[in-house]
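Visitor: Add chain B to chain A, keeping to what the hints say.
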Amino acid sequence: MLTKLFIPKLGMTMEKATVAEWRYRQGDRVEKDAPVLVIDTEKVANEIEAPVAGKLVIVAAVGDEVPCGEVVGYIAETEEEYAQALKGGAGSASTAPAAAETGGGEPVPAAAPAASAAPCACAGERVKISPLARRMAAEQGIDPGSIAGSGPGGRIVRKDVEAATSRPVSAAVPAVAPVPVEGERQLRSQSPCKAAVPAFGKSAKAVLSLKGIRKVISEHMQHSHSVSAPVSVLSEVDMTQMIALRERLNEKLAPAGPGITYTDLFVMAAARALKRTPIMNSSLIGNEILLWDEVNIGFAVSTRMEDGNNALVVPVIHNADRLTLREISARRKDLMERARAGKLSVDETSGGTFTITNTGTLGPVWHVQTPVINQPEAAILGTASIVDRPAIVDGAIAIRPIMPVSITFDHRIMDGAPPGEFLGHLHEMLTDPQMMLV
Amino acid sequence: MKELMYWNAISEAIAEEMARDEKVFVIGENVQESPFLATKGLVQQFGPERVMDAPLSELAIAGATVGAAMAGYRPVCDLTFADFIYCAADEVLMKAAQQYFIHNGEVGVPCVFLGVAGGGFGNGPEHSRIPAAMVMHNPGLKLAMPSNPYDAKGLMKAAIRDNNPVCFFFHKKCMPMKQAIPDEEYVIPLGQAEVKRSGTDVTVVATSYMVNLALEAAKQLEGKLSVEVIDPRTLVPLDMETIVASVKKTNRVVIIDEDTECCGVAAEIAQQINEQAFDYLDAPVSRLCAANSPIAGAAMEKYVIPQLPQVIKAIETAAGI
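Protein chains in written order, with the working numbering: chain A, 83 to 520; chain B, 468 to 788.
What the hints contain is simulated information worked out from the structure, not anything from laboratory work.
A portion of the hints provided could be inaccurate.
What the hints assert, rightly or not - With a straight-line Cα cutoff of 16 angstroms, these simulated EDC-like cross-link-like pairs (lysine to aspartate or glutamate) come out:
id	chain 1	residue 1	chain 2	residue 2
1	B	Lys663	B	Glu689
2	A	Lys357	A	Asp403
3	A	Lys210	B	Asp746
4	B	Lys780	B	Asp668
5	A	Lys241	B	Asp668
If we strip away everything but chain A, and leave its shape as in the complex, we get:
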């Protein structure tokens, strides 16, 4: 029997995945339930296990982007099937399903929908691009998703592609101004290198290819700045009351459960402040600003990737406004642990309506940040380290634990007033926590 391996649809908004790693080689014998394949979805890596034992036939190469539902390989139980699959599968994936029809193997993995060779109707926004621009982007090897459209309704037109091709593409070497294209290609085409690579008149000691989660973050960040008009508002909060509250709560709660973190308190306060300033909890989609009914707060988690670099994942606490502090805390802890283990489902990283990024864990060094909006959200809240600072208290200078806060909002959606109002609510709740009850 010939059983197909295909990209499962792991979340509502998942459209495709990148083949990150084959754990076995072509023709290797794999056992049932052995992890054969690692795929990178937009935000998380997933292991695909072999549904049956047999010889592995690899169809999609590492680095290939494959829509969900499409076949990436087979497991053949006999030598004849292996030979047949190699013949059919190696040519093109489209001929493969016919061969697999006879297989009737179990879907892969168990959580995936019924086995189907047809690509699923994935949700998600189609990139609006003129036919000419699409062709030009394809010729230049540019992902249209990385280009900002200036045409009607954000359509990418010729001049946008021209602008995209005339600027340096490499994220690894941003400082170099006029980039010789040939040199850049050379640099990008190198896989992790051993020796120093000469490029742009300098030598690189390592070349990290832009792929997987790094590529996704890179695209999201650039997309955010190219489609929005971000403005950052910086402020600070006297955290005396918040610190006292957290200590009191943890004295009572810690023995019974996990401790309450500042992030938990910020999620709680922000959720309530968002209810009072609904425009902060919105998205500009097409020509409409959608004010979200739900308050789904994402929080940025830094994870360490296999190559030693940090990557950012944003798990979402859905309906945070309806959860108690304890529920928020438990949910946050669970999501964070699984984020660090790379075990988040796609749904757990999507559907956010607002994001908080807390850099307070970076250490007790006073700093402010101007976070980048997580599109298509309207704003993002940045909270930083709590550091003792001079403050005016009752007309005298006192030492107080001060936390800088920053809000980056999308000026396309709102003007300065709503973020100011939101900040006011937040300030009120953080300096006087009982206001969260009101």
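Guide: Positioned in the frame of chain A, the structure of chain B alone reads:
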């Protein structure tokens, strides 16, 4: 070279063809007096047997035309207003257009249906139409719509010589146009578009009098936009090659036509562009036509038929500004 008015270019073409081929004759309502001047002076030159006034029945005139053509003549049938083609529809659309097909290519109907078309004078719903889409839609007919005197003469000569029935719609608003016409004979083959003005930012495909509005708009947009203006000159056959080559250059196109919009000339050209040049388009093909309304008369006409400001706006929009 001599300067000729638009109407005079047409009558001169008919006269030259009548002199060249004795099978050519003119039939129509008051063609001897010729209120629209297209057959003016012909009766003095060729006599009433070849310039025949007919009773006021477009169906009968067109029927006589088809019969004479099948019998070996090359009649020029003057319907006066192009709108009256609807009265003669059975003879024009069913008979003239299809006889060649019905008789397995053995009987041709070489004739010209002449009509003055379009608005500009507030003549109202029954005297201001330019029934181009209807002609295009009926297989077997050719359609010429000259936008200036030079083209009018060359196209009329080609129309008379063609072995198929050709509708020849000349525009009321072009009547005062004057242009230098060569002394030597020339014929403009049916099916050859002309780039009336070359440009790089946006292509305007305009028909009949709209060509002149497009050229004026292009002039006013100079410095801001480089506009290419194409006049297909004949809508059947349609020179898509010239249009597609231009679209491939500019990547943007607007079609300006004076017939009403729905199922119109612009819709057909737009679809052919989609089929032949989709991957070269940087914006959807756009169009500016008469509104889907009867052509209003008098002062209201300008709200139905495209005027210069709308032409300019349409070109700017198509160019993405």
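Visitor: Checking one constraint from the list: CA of Lys241/A to CA of Asp668/B, max 16 angstroms. Satisfied?
Guide: holds, 12 angstroms
Visitor: Can you confirm whether the C-alpha distance between Lys663/B and Glu689/B stays at or below 16 angstroms?
Guide: Cα-Cα ~15 angstroms, so holds.
Visitor: Do the alpha carbons of Lys210/A and Asp746/B lie within 16 angstroms of each other, as the hint requires?
Guide: holds, 14 angstroms
Visitor: Take the C-alpha atoms of Lys780/B and Asp668/B, compute the straight-line distance between them, and say whether it is at most 16 angstroms.
Guide: holds, 15 angstroms
Visitor: Does Asp403/A sit within 16 angstroms of Lys357/A, going by the straight-line distance between their CA atoms?
Guide: holds, 8 angstroms
Of the hints listed earlier, there is not a single one the structure fails to meet.
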